[in-house]
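Undergrad: Please build the complete structure, drawing on both the sequences and the hints.
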Amino acid sequence: MSHPRTQAAQRARITAAANADAGPDDAILRSLITAQLRLSLTAGAFAVGVLLGVPVLLIAVPQLQDITVARVPLGWLVLAAGVFPAIITSGWVYTRAAERHEQRYRVLVDDA
Amino acid sequence: MSNADVIAIGLITLVSVAIGLWGTRVSRSTSDFLVASRTVTPFWNASAISGEYLSAASFLGIAGLVYLYGIDMLWYPIGYTVGYLVLLLFVAAPLRRSGAYTIPDFAEARLESLAVRRVSAALVVIIGWLYLLPQFQGAGLTLSILTGAPDWVGKLVVAVAVIVSVVAGGMRSITFVQAFQFWFKLTAIALPAITLLVVWYRDEGPAFATEGWQVPLSGFGGRDLAVYTTISLVVATFLGTMGLPHILVRFYTNPDGASARRTTLVVLMLLSAFYLFPPVIGALGRAYAPALAATGQADVVVLVLPELVVPGPWGQLLTALVSAGAFAAFLSTASGLAVSVAGVLSQDVLGQFGRSARRAHSGVRRFRQGTVIAVVVPLILALAAGRLNIAETVAMAFAVAASTFCPLLLLGIWWPRLSVPGALAALIVGGTLAVTAVTSALLLGPFTSWWGTLLIEPAAWSVPIAFAVAIIVSLLTPDRIPPHTRRTLALLHTPEQLPEQGFTARNR
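Top line first, the protein sequences correspond to chains A and B. Per the numbering used here, the first sequence starts with residue 448, numbered consecutively. Per the numbering used here, the second sequence starts with residue 527, numbered consecutively.
These are computed hints drawn from the structure, not numbers from a lab. Some hints could be false.
[Claimed, not checked] Label pairs and their in silico Cβ distance ranges:
{"id": "1", "chain 1": "A", "residue 1": "555", "chain 2": "B", "residue 2": "973", "range": "54 to 62 Å"}
{"id": "2", "chain 1": "B", "residue 1": "754", "chain 2": "A", "residue 2": "496", "range": "19 to 27 Å"}
{"id": "3", "chain 1": "B", "residue 1": "954", "chain 2": "A", "residue 2": "524", "range": "40 to 48 Å"}
{"id": "4", "chain 1": "B", "residue 1": "729", "chain 2": "A", "residue 2": "488", "range": "44 to 52 Å"}
{"id": "5", "chain 1": "B", "residue 1": "815", "chain 2": "A", "residue 2": "514", "range": "25 to 33 Å"}
{"id": "6", "chain 1": "A", "residue 1": "488", "chain 2": "B", "residue 2": "673", "range": "49 to 57 Å"}
{"id": "7", "chain 1": "B", "residue 1": "745", "chain 2": "A", "residue 2": "529", "range": "22 to 30 Å"}
{"id": "8", "chain 1": "B", "residue 1": "745", "chain 2": "A", "residue 2": "528", "range": "21 to 29 Å"}
Note that the coordinates shown come from a computational prediction; the quantities given were computed from them, not determined experimentally. C-beta: ideal position from N, C-alpha, C; glycine also.
TA: Take a look at the structure:
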């Protein structure tokens, strides 16, 4: 069993070696990083948009504040419970997409 | 209040300490995480992360704030959860691949600078202390409500229990113990909340909410600058979670970047389940016991409501359960924080004196000294401070983390032009601003004017300033970009080879 830093260093060397002798790999990696960042920003923007949309909607349309479901105000129900499925879903969709990006990267590197 | 509460608290404290002592044999060093990484599934790892994360603020504080100020306080549970979504999106996989064990480790590896490491280490200690303070506060409050003992008793009990279990137990309680803590805390909050809800529906209990309490951004309960404080809270919790000292280390148990992501996704689910319940108790507390607001001790609503609504033995049982759950929350979070702070203190502070004697047993001794310092300083602060609002104080720790480690991690992982002076300047400027703001609010507050609000919840201005400083200084010092930046970024973002593919890749 090797020390964590040793493992990290080994991985670093492997990656560095791969970068040094393979030009196409470097370009593929850079496109992977760009794709991952864009994906993360999109998922983050979606979640924040949904979350901030709730209070904005409640203030913009005050009639919504009067609706109650099972004696509980609608706005309350959405903020205390309804937003969580949205958070989980964006995390789930993101995780699948990020893994797909990495799978594509592996295929491309193997072909290169 | 009944003796059952005291027995329940005593039991959970003893069990925690006993587990710490027993843990000596099971987990001695960081290498156990590597062993664990082969057997621990994302589900159990996520349970452990959640178990360590759910503190007094989640268990008592949220219900208290919801009770006092209404719907806007729902941003606390949302923020505490979304913090992990942000961590998942931008940090989880690359950070795991960095191989860093703590944030100072990451800082040193990414920026190839000992100075950045030292500043990060100092910030870990400050954030840890800020986070420990409300854990002690919560313990003092809980014990005094249940037994009538003075506040200092509960604070001292938790501090001693943490020191004993960490000093004797060594580095860290094992994953399954923290995982158990999560499921215990979930039960301890869910059962009372569901019972109260059932009783409320069955008896057609008092109406749900008063006017204004359920209107977003209304400033109900005498809150100034409701829009500003909500934005500031959102920024602090969304961006601060990734910088909490006791969280990152658990990600190390994941074998690779992809499993770090899956673990975080499960954490999102577990936290979402937990955070359904504290607001229920806060809201029903408002309906059943509006008079509690006048006492200024809303943090106790979780503890007193069950017996108020459900008299008799069933109510007493629920009180005993939530009391034990609250103590489980103080103990697990406080031990996790104490271990992280002690690790940094022993490695980066105490280790600076006498580096020559770097033998194993002196490392253990330094770790023990570090633990005592890590716990005693916030204990003194907690004894000196009056009763603080628990969730608000924890939010201060998030604000400092968001103003310092968030720029370091996000720019460090995604921006190749981050330079050493840029990172240093961001940590120092963001840290100084946020720490000065919250400590002056803690020591000199409560303030009544608008600038007092800016100090209590600084994230909305301190985080953008920290990012701006990092970017501007980095652009001005392009010659100080760490020489191996490209290689490091490649390491962070290259997916691990699957075993069989790694083999073919090598034989290519």
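Undergrad: Compare the structure with each hint and give your call.
TA: Structure-based check of each hint:
no. : hint                      : in the structure
1   : A:555 / B:973: 54 to 62 Å : holds (57 Å)
2   : B:754 / A:496: 19 to 27 Å : holds (20 Å)
3   : B:954 / A:524: 40 to 48 Å : holds (44 Å)
4   : B:729 / A:488: 44 to 52 Å : holds (49 Å)
5   : B:815 / A:514: 25 to 33 Å : holds (26 Å)
6   : A:488 / B:673: 49 to 57 Å : holds (51 Å)
7   : B:745 / A:529: 22 to 30 Å : holds (24 Å)
8   : B:745 / A:528: 21 to 29 Å : holds (24 Å)
Figure legend: structure checked against the earlier numbered hints; every hint is met.
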